[in-house]
Amino acid sequence: MQLRKRVLTLCVLALVVALCQGAVLAQEPVTITLWHGWTGAWTQVINDIVEMFEASHPHIKVKPLVVPYDERDTKLMAAIAAGDPPDIIYTMGNIVSYAARDAIVPLDKLMTPDELQVYKDYQYPLYQANEYKGHIWSFHGFVDAFALYYNKNHFREVGLDPDAPPTDIATLDAYAEKLTTMNAAGQIDRAGFLPDDLWHWADVFGGSWLDGDKITAAHPGNIAAAEWFASYSRKYDVRKIVAFDSSLATERAQALDPFISEKFSMQRMGQWKILDIDRYAPEDFDYGVVPLPAPPGGRKNSMIVPSGYGLIPKNAKHPEAALEYLLYWVGKGHEEDRAKIFTLGGWFPLSDEVTKEPIYQDYIQRYPHFQVFSDLLRKTDPTGFATPVELFYIDRINNARDRIRLLQGDPKAILERVNSEVTAELDKLNK
Amino acid sequence: MGKSSPTTRRNRRLGLLFTAPWLIGFAIFTIYPFAASIVLSFTQYSVLSPPKFIGWSNYLDLFRDPLFWTSMYNTFYFAAFSVPLGAIIGVLLALLLNQDVKGLPVYRTVYYLPSIVPVVASAIVWMWLLNPYYGIINAILERFGIPGPGWIADPAWSKPALIIMSLWGVGNSTLIYLAGLQDVPVSLYESADLDGAQAWHKTIYITIPMITPTILFNVVMGLINAFQYFTQAYIMTNGGPADSTLFYSLYLYNNSFRYFKMGYASAQAWLLFIIIMFFTLLLLRSARHWVFYAGED
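Going line by line, the protein sequences match chains A and B. Numbered by my numbering, the letters in the first sequence go through residues 12 to 442 in order. Numbered by my numbering, the letters in the second sequence go through residues 7 to 303 in order.
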């Protein structure tokens, strides 16, 4: 009996101690987990940003964790199913797939009216791209925009005016032909230009992949873009294009980037390439950047934003702290920090307040090409891609692109097939 | 059950105790997922939300899914070439490596080496070998005046490229064939020698029949592996170009982990199980016509 009493007392004591500890812990900062996909030198960039955030938010600690993009969905599914997801995750898209499957929390429900206004002001004009079915699901942690890069030295070499880049498709095609060179074996040595991403170029041609919830893969603009892709295969011999393209496939990174290694004279690329060129290109590398050329009746200044979304998974342990981190990226009250984030990773701030910061201005002076993208972001509405079958749709579009490029059939018929396949997939989901 | 003695019972208890770690692991990590996937194959399940029972819909949808048939075709194509070629080349290599020549251990090691290279590493190396511009394969073809194809970039050549690549890893089965060859009784060759048989005859009438059990084993294993072919395609082509390397397992992976269709993927997995089972049984049944077990009549 004595023993039992003693044990009981000990237990009560232990409980009291534990409770006290808990109270002390509550005073300590909360720790949020952040999953992101930046590897190599970029990992440090994220760590630096986290450090800046922690300095101004002493009550929150952030634990960044690299989860490579290829594994993200698998890991996130497992983490959510197991009830132990991260507090924030950065993705390149597919947010509606998550939202439709109830895997992420609507951020507007976490936000005060003030925060909502800040968010709208500071994410303009892209805030709509985060919305689906009347809710806000993500914040643009970073923004990517696309434009046409062209090598001025190549222009001079073939007698083109380096200050008059193409602004319409016909000129682009003509210049591409002039700039393309062949090697002794009759293979493409340098491509003047090759159409790459059907999804984006369709937008340039005035096409569209979605009309609300409806799949519109066979939109006339998409077909026009597809015909244009096919025209390159006819002009340059599809086998040569395929061989050229796959010869590059293994060496796309950094210094071996095909534009930097002068395999292309003109290429559609995002704003981050400016920094890669600065780091890896030789001294005399001379290039320009212009908005993507568009055909008559097409969409001028198309830039599409398939960029990084910050989201909060369902069952995240500290959604409020996570939201604070997301708002920090937006820049309100931390304009200087936000301007600095831009210089660290080339991630555009969307707020005019942030662009007034001296750090931002200095950076634009140093890399004037950024101005083209900055203008694009303010001139055009982004093209969203809000569908719960996003990855399936993208896989089908890329497959169609392959077929069209390989001249495996009529572009219109190929896109119509995509339309019926993806519509069926969507119907199955909604059944 | 009759009454067992205390010792027997004690032994049984101890036996169970000592095998418990494996039994528990097997139950949790194999039996449970197995059973769960049967149940899930009758549901719509995204992992993110609870499964919804939909009866046989997943199975019926599969047969109407054009991508399912594409992946099936690609997989059968791959199996139809890689398995027989793997067996023929494996046996030939084993015969060569069974000769009494100088430096034999070195040769044996060299042919086995590819099997210990991690799959991902070898896939990356092969992407370089198959590179249409800088790859060594096309460089060699060019020497002979043959313009090399685009290999994995060309839908007409992507499957053959992967089949050729699969033969590079034949060393594993070669080793098993070699073990089979060592088991062929020398006395058979000696009596054949007395009858004046040529090397060719000895191979055809003694060696090959004597290693048919090994061939059967390797072909069954090869078939199973071919039907589950995934990693290389995932890394090198990701199903492209134009779905030409969308293999069954790759499409299954996409359905489960890219398109959040775990129920559909489970149905697909069970269908694959049935297919593999069918062909394995077919092979085993055919075995009585061509497999020769020493010691039997």
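A few of these clues could be false.
Unchecked claim - Straight-line Cα separation of at most 25 Å, PhoX-like style, residue types lysine-lysine; simulated pairs: (1) Lys328(A) with Lys74(A); (2) Lys72(A) with Lys325(A); (3) Lys439(A) with Lys120(A); (4) Lys131(A) with Lys325(A); (5) Lys439(A) with Lys208(B); (6) Lys246(A) with Lys74(A); (7) Lys246(A) with Lys225(A); (8) Lys351(A) with Lys131(A); (9) Lys58(B) with Lys86(A); (10) Lys120(A) with Lys423(A); (11) Lys144(A) with Lys208(B); (12) Lys225(A) with Lys442(A); (13) Lys208(B) with Lys442(A); (14) Lys58(B) with Lys325(A); (15) Lys246(A) with Lys131(A).
No wet-lab data here; the hints were simulated from the structure.
Outcome of the hint check:
1. Lys328(A) with Lys74(A): holds (13 Å)
2. Lys72(A) with Lys325(A): Judged against 25 Å, a Cα distance of about 20 Å means the pair holds.
3. Lys439(A) with Lys120(A): violated (29 Å)
4. Lys131(A) with Lys325(A): With a Cα-Cα distance of about 23 Å, the restraint between Lys131(A) and Lys325(A) holds, given a limit of 25 Å.
5. Lys439(A) with Lys208(B): Violated, because 61 Å separates the two Cα atoms, which is more than 25 Å.
6. Lys246(A) with Lys74(A): Between Lys246(A) and Lys74(A) the Cα gap is close to 52 Å, so the pair fails against 25 Å, i.e. violated.
7. Lys246(A) with Lys225(A): The hint is violated at about 34 Å.
8. Lys351(A) with Lys131(A): Holds. Lys351(A) to Lys131(A) sits at ~21 Å (cutoff 25 Å).
9. Lys58(B) with Lys86(A): holds (22 Å)
10. Lys120(A) with Lys423(A): violated (43 Å)
11. Lys144(A) with Lys208(B): violated (76 Å)
12. Lys225(A) with Lys442(A): holds (15 Å)
13. Lys208(B) with Lys442(A): Given pair Lys208(B), Lys442(A) is violated - Cα atoms ~66 Å apart, limit 25 Å.
14. Lys58(B) with Lys325(A): holds (20 Å)
15. Lys246(A) with Lys131(A): violated (47 Å)
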